[in-house]
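Undergrad: Sequence:
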Amino acid sequence: MSSSSLVFKFVVFSSLFCSLLASGLDSDNDGRKIYIVYMGNKPEDSASTPSHHMRMLEEVVGSSFAPEALLHSYKRSFNGFVVKLTEEEAQKISAKENVVSVFPNEKKHLHTTRSWDFMGFTQNVPRVKQVESNIVVGVLDSGIWPESPSFSDVGYGPPPAKWKGACQTSANFRCNRKIIGARAYRSDKFFPPEDIKSPRDSDGHGTHTASTVAGGLVNQASLYGLASGTARGGVPSARIAVYKICWSDGCYDADILAAFDDAIADGVDIISLSVGGNRPKYYFNDSIAIGAFHSMKHGILTSNSAGNDGPDYFTIRNFSPWSLSVAASSIDRKLVSRVQLGNKNIYQGYTINTFDLKGKQYPLIYAGSAPNISGGFTGSSSRFCSRNSVDRNLVKGKIVLCDSVLSPATFVSLNGAMGVVMNDLGVKDNARSYPLPSSYLKPVDGNNIKTYMDRNKFPTATILKSNAVNDTSAPWIVSFSSRGPNPETYDILKPDLTAPGVEILAAWSPIATVSSGVRDSRTTLYNIISGTSMSCPHATAAAVYVKTFHPTWSPAAIKSALMTTATPLNAKLNTQVEFAYGAGHINPLKAVHPGLLYDAYERDYVRFLCGQGYTTAMVRRLSGDNSFCSRANSGRVWDLNYPSFALSSTSAQSFNQFFRRTVTNVGSKVSTYRAKVVGAPRGLSITVNPPVLSFNAIGQKKSFTLTIRGSIRQSIVSASLMWSDGYHNVRSPITVFVVGTA
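When the letters of the sequence shown are read in order and numbered with mature numbering (1 follows the signal peptide of the UniProt record, and there is no 0), they come out as residues -22 to -1, 1 to 720.
FYI, nobody ran anything at the bench for these hints, they're computed from the structure.
By construction, the Cβ of each residue, glycine as well, lies at the ideal position given by its N, Cα and C atoms.
Take the hints with a grain of salt, since some may be wrong.
Simulated restraints, written as ranges between beta carbons of each label pair [stated by the list, open to error]:
| no. | residue 1 | residue 2 | range |
| --- | --- | --- | --- |
| 1 | R152 | P668 | 57 to 65 Å |
| 2 | R370 | N197 | 39 to 47 Å |
| 3 | K167 | M700 | 51 to 59 Å |
| 4 | T545 | T356 | 47 to 55 Å |
| 5 | G718 | V670 | 35 to 43 Å |
| 6 | K175 | S499 | 22 to 30 Å |
| 7 | G40 | S358 | 26 to 34 Å |
Build out the structure end to end from the sequences listed, making use of the hints.
TA: Below, the structure written as structure tokens:
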């Protein structure tokens, strides 16, 4: 075994045991937990797969317990099974020759109108409607509310002939010609009591993401009058297939893989997944990376949310090279809520406040003056309005000033109050809803209110209903959006690009509350929320739009088109540059005509994996063919045909590295592209050889080498490579950084 293989084995087993230690899953009394045993490519005889899994399991746990231990077999699109094991049994199975990885069934989380117009993607853009209506978007999320006006099937014909999916109908759920497939998954069969045991969405998140991708046109949609307009998805004629993987207690790996297994075999054209874990995991110990790999093998692009754990570096949660990782950025509409004091002074805050107090002034009280003394709290703690810290009798009928931003769940402790004014040093770059009239202010405004309260015996205030203001600096990356670098492969730049993810109006489940707060009685058909969960379906829709014009393009080709036509963001507003926004802000119209493509297929990713330490046996399990890893076949990370360039070092040493790339002509039949390096920082030499590429046919391929030499004085520097024929500008970001400081 080579040294790289030994390193790989060490990483896999280390990852397994770290996962075991970190897993918060409940175990049976005998110490067994739920694991996923991943075995790679789909076997030829899928009908006998469960029997094979059972025999494997019997060798480890015995024939009497095996039937009870085996919970599910993956067999439609890849090979593996879900099983109850002890840690020792998991070790034994992971050592078997035909097993790629074994990892615990951990929990992942959801990455929680105007946006399309903001991108210049109006209702009147050119469309290939007949093709669009035959595209099926697989949405892996919390389900869907099929009766929403956004999912009307008026005007639709039967599902496309290629469709092999199913609809899990029940007394409370039916599909239609718009929603042509729906399944729900729960491998442990433990359904939280507040959940619905069908593909129906009781959370709202899945309905929101599905309608952002492919919701039909609905006029006069709004959240209690806010953001009023026509709600629509990016590809409103596309079909939807729903795979419910998320419940009130989270989204589990076993169910995510089961949904991928079905979605691929059902015949979806693209997968949209606004879900991610709490920490990065090795590619083939991660359910989403595994599912996305097999989707790619079948020509299906997986669009992932980057995560909501920003703004620190290395917080991105979905980063496999074969998927599209999407950051979240703002749009030019910003929702604000104003606080008016009894002295007529007005302060602007940031919440989505649908409540209308009609200008009535209410007594204003500082939370630090209303401690729950019987609960053991003092003013020094109650001023933050933490759970149960405030005396409800003292705040009843009043507006409360808190020295902290709160979660909607905390408002249960403020039951009886008329409203809440929050103030602290936190970033105020996105607004959210709360169960009471609320506003989130800057500290200077909060201090001004305190001064007013100190100078008035009977201070009063009111909170005005939110209104929209124009944000001329948009788009910029919101603070919660997860950042790179790629924690698994530093020199594959992630995220790939950004899309609107702030204050997005879309369809909602009417049995879910507006704020998800316990005391919130408001319901709605359309809600405004933020997250990379919202940016992901925007990118999904853009990918579908490109696919309608180019049905035969590979997932990598579509991703390349989206990335190389993206608009770079203002580095002054986004100091983490490409680690915040990748190639830039998505531009669906330009992506249809990219000029050149950086294409890649399974064989390219296999070469990449060989270079990452995978053995021939491992890649054959993944690919299901005669792939092999050798010194000649092991691909350098810098040679994966990616539409961006990243170069890392563990110290501020001199750089001298080259990247090999191949581009495919999809623009003009006869064309000449010239290379230009834009913004090369002082101290670095970035050269391209050859600097001119000439084509005389569509589909013709040309290769080039980009070389970076020199040193950098900063922890991160950026440039870009632009290939231009005078009409098409094919742009790729270049990022050079020192890992220890990024």
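Undergrad: Hint by hint, say whether it matches the structure.
TA: Cross-check of the supplied hints:
1. R152 x P668: 57 to 65 Å: holds, 59 Å
2. R370 x N197: 39 to 47 Å: holds, 43 Å
3. K167 x M700: 51 to 59 Å: holds, 54 Å
4. T545 x T356: 47 to 55 Å: holds, 52 Å
5. G718 x V670: 35 to 43 Å: Holds - the Cβ-Cβ distance for G718 and V670, about 38 Å, lies within 35 to 43 Å.
6. K175 x S499: 22 to 30 Å: holds, 25 Å
7. G40 x S358: 26 to 34 Å: violated, 59 Å
Of the numbered hints listed earlier, the single one contradicted by the structure is hint 7.
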